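Chemist: Each chain, written out:
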Amino acid sequence: MAVLQFREAIRQAIDEEMQSDEDVFIMGEEVAEYNGAYKVTEGLLDKYGFRRVIDTPISELGFAGIGVGAAMNGLRPIVEFMTFNFAVLALDQIINHASKARYMLGGQVSVPIVFRGPNASAGQLGATHSVAYDSMYAMFPGLKVIYPSEPGDAKGLLKSAIRDDDPVIFMESEQMYGLKGEVSEEEDYTIPIGKAKVKREGSDVTVVATGKMYHVVKQAAEQLAKDGVEMEIIDPRTIKPFDIEAVVKSVKKTNRCVVVDESHPFGGLASEVGFLIQREAFDYLDAPVKRVTLPDVNAPFSKPLFDLWLPDAKNVIDAVNTVTYRK
Amino acid sequence: MAKKKQEAIFTPIGNDGSSDGKIDKAVDLPEPTKKTHKQLGLTNDQVVEMFEQMFLQRRFEERAMQMYQKGKFGGFLHLYIGQEAVSTGTTFALNGDDDIITAYRDHGWGLVRGVTPKAGMAELFGKAAGCSKGKGGSMHFANVEEHFWGGYGIVGGHIPLGGGIAFANKYKENDRVTACFLGDGAVDQGALHETLNISQLWKLPAIYAVENNGYSMGTAARRHTVNEIYERANGYGMKNAVFNGMDVFTVYENMKKIAKEVREDSMPWFIEIRTYRYRGHSMSDPQKYRTKEELEEYQKTDPVERLKTYVLDKKLASKKEVEEIEQKVEDIVLEAVEFADETPFPEDKALYEDMFAGEPYFHV
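Chains as they are written, first to last, in my numbering: chain A, 1 to 327; chain B, 328 to 691.
Chain A extracted, bound-state conformation:
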């Protein structure tokens, strides 16, 4: 095992896939000469040159669509968004074209493309730079959505995403790029898309969280352990396909579940997982499923308000206490 930063793990995945497949290239704002807004692509220009590492203008709709067209015509583009908050400008290409072209042309084209970049909030960046879009993309048929929490998962899943023959949304976090973690040194290490991982074993409550929220939940688990409450953490890693079997297996053991999700409450991952648990494990529940999400409010700038807005370990502990009837 090597210990790598999140950004280094992603870079390795891109590098290895570009190395092994000439059709893979990366484009996005500042990916080439600037070496990446968050240094994910550092060094790739020197290694692969301007043909395969391409700086784009700030035209998300334009370059996302050029990526989709290039994918239809035989290439495997990695399109980097500086953040998924900017990808909103490219939604027509992602939703109306990448996810639908194959179906509406009766299978005549395929769109092997990866759209990647940071998702959700990254501190006090105001309302338009702070939204988690994973469950929104997961709503659309044809799109896979990956949102890993640790470098090892990120590398293995990104390699799988680049090799996938269909469009994949791969989400990261500005605040996790420097995070270190163990990454397998196994040659050509990949992780199958759609498989959750039990990140902590416990018998008292199941907590589902991925991306940045996984780390919030991990803190909460450490504090609860001091009180003798053992949390089982399931990191789905992939939002869609969602590995409900892994969650249900855990819930059958703990009989209680909290879903932590950094998006707004309406129609998000937390509500979907809550529904799936009641459908698949209703008789095993000793308490209603509880969710921890953002409030139905835009991201504020002011520090105390921002801290109030973002789910933290205390919110998770409160939810666990509720489902375990400890308060």
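Treat the hints as calculated values from the structure; they're not laboratory data.
Predicted model, so just to flag it, every value in this text is computed and none were measured.
Be careful, since some hints might not be right.
[To be verified] EDC-like, lysine to aspartate or glutamate: derived pairs with alpha carbons at most 16 Å apart:
| no. | chain 1 | residue 1 | chain 2 | residue 2 |
| --- | --- | --- | --- | --- |
| 1 | B | K497 | A | E22 |
| 2 | B | K497 | A | D283 |
| 3 | B | K499 | A | E22 |
| 4 | B | K499 | A | D21 |
| 5 | A | K195 | B | E686 |
| 6 | A | K252 | A | D283 |
[As the list claims (entries may be wrong)] Label pairs and their calculated CB-CB ranges:
| no. | chain 1 | residue 1 | chain 2 | residue 2 | range |
| --- | --- | --- | --- | --- | --- |
| 7 | A | Y34 | B | K530 | 36 to 44 Å |
| 8 | A | E230 | B | F689 | 31 to 39 Å |
| 9 | A | G123 | B | A684 | 33 to 41 Å |
| 10 | A | L91 | B | T443 | 30 to 38 Å |
| 11 | A | P192 | B | D592 | 42 to 50 Å |
In this text, a Cβ means the ideal position worked out from N, Cα and C, and glycines have one as well.
Given the coordinates of chain A, assemble chain B onto it according to the supplied hints.
Modeler: Using the frame of chain A, we list chain B on its own:
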């Protein structure tokens, strides 16, 4: 006393109110080429073939319209009638492996790029034997094998796709040229402008061609956009041209020259091909935004009739031979209608097919 304030009016209103008896035309047609087919390097047979193709597009759509009115199929039906010289002239000018992509007025493009009348009509009827297996309908004809990437339904949405197809061709250095067609309505979409800028910056081997048929749905060009359309290219330093799209030779001549240049220097073009849409935007369009006189004025320049007259005048085919071609096309189209009517709808399991190139996954 203060002057009476001007009424706040935004979009220019209807016909501009000229009362000099002149017809308020939606597009001014530039002069067609004076060159003969020989001067353009076309053989007699090719010209006759062009006529047959254009007549096929015309009759296919006239029959499609009848079938729609008879309730044989639903959904949208955007007819290309009046614009056949654009698809035909372009396809004859391009190489067979050059790429073509267009918007939703796509039947003619499909037919000229190898969608058989049967597969086309079956697609309109939503049948499994349709060119897109009945999954797309009128707006999503495609024949990717023959480099026709399809019709797309979001105005302007396919323009970046055209840029991307050209990008991949340049990446693979395969010498193919991409022709991306759009309507005059799409000129107002941001997607066009982002794509033009990137295309010029990255030297993409693409031709962005506006088929200006005078109307963005029911809004005349002068009511939805400012200045001359082709001149927008100047803002991007892009090569541009405007020419007559009712004359197939003019389209052929220009597209041939432009495609050759694109192949040589890999610099994109933005062109405006002026044509005219005879029918409504779609089948539910009462066409109150234009006069009968205007329509009749353009019908005098009908591209199919024009070519037929040329064929007869130049004795490229006899009157009898032309009639035989017309009869043959008529039969082909009627057979296509019969086929579309009788061939089965997709089976239920088709609902879940063609979603994924890889392992399928459906959330339940």
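Chemist: Run every hint past the structure and note whether it holds.
Modeler: Hint by hint, here is what the structure shows:
1. B:K497 to A:E22: Roughly 14 Å separates the two Cα atoms, so the pair holds.
2. B:K497 to A:D283: Outside the cut-off at roughly 59 Å; violated.
3. B:K499 to A:E22: holds (10 Å)
4. B:K499 to A:D21: holds (13 Å)
5. A:K195 to B:E686: Since the Cα atoms of K195 of chain A and E686 of chain B sit roughly 14 Å apart, the hinted pair holds (cutoff 16 Å).
6. A:K252 to A:D283: Holds - the C-alpha atoms of D283 of chain A and K252 of chain A are around 9 Å apart, at most 16 Å.
7. A:Y34 to B:K530: 36 to 44 Å: Taking Cβ atoms as reference, Y34 of chain A and K530 of chain B lie about 22 Å apart, which means the hint is violated.
8. A:E230 to B:F689: 31 to 39 Å: holds (35 Å)
9. A:G123 to B:A684: 33 to 41 Å: holds (39 Å)
10. A:L91 to B:T443: 30 to 38 Å: Holds, since L91 of chain A and T443 of chain B (Cβ atoms, about 36 Å apart) stay within the stated range.
11. A:P192 to B:D592: 42 to 50 Å: holds (46 Å)
Against the hints set out earlier in the document, violations occur for numbers 2, 7.
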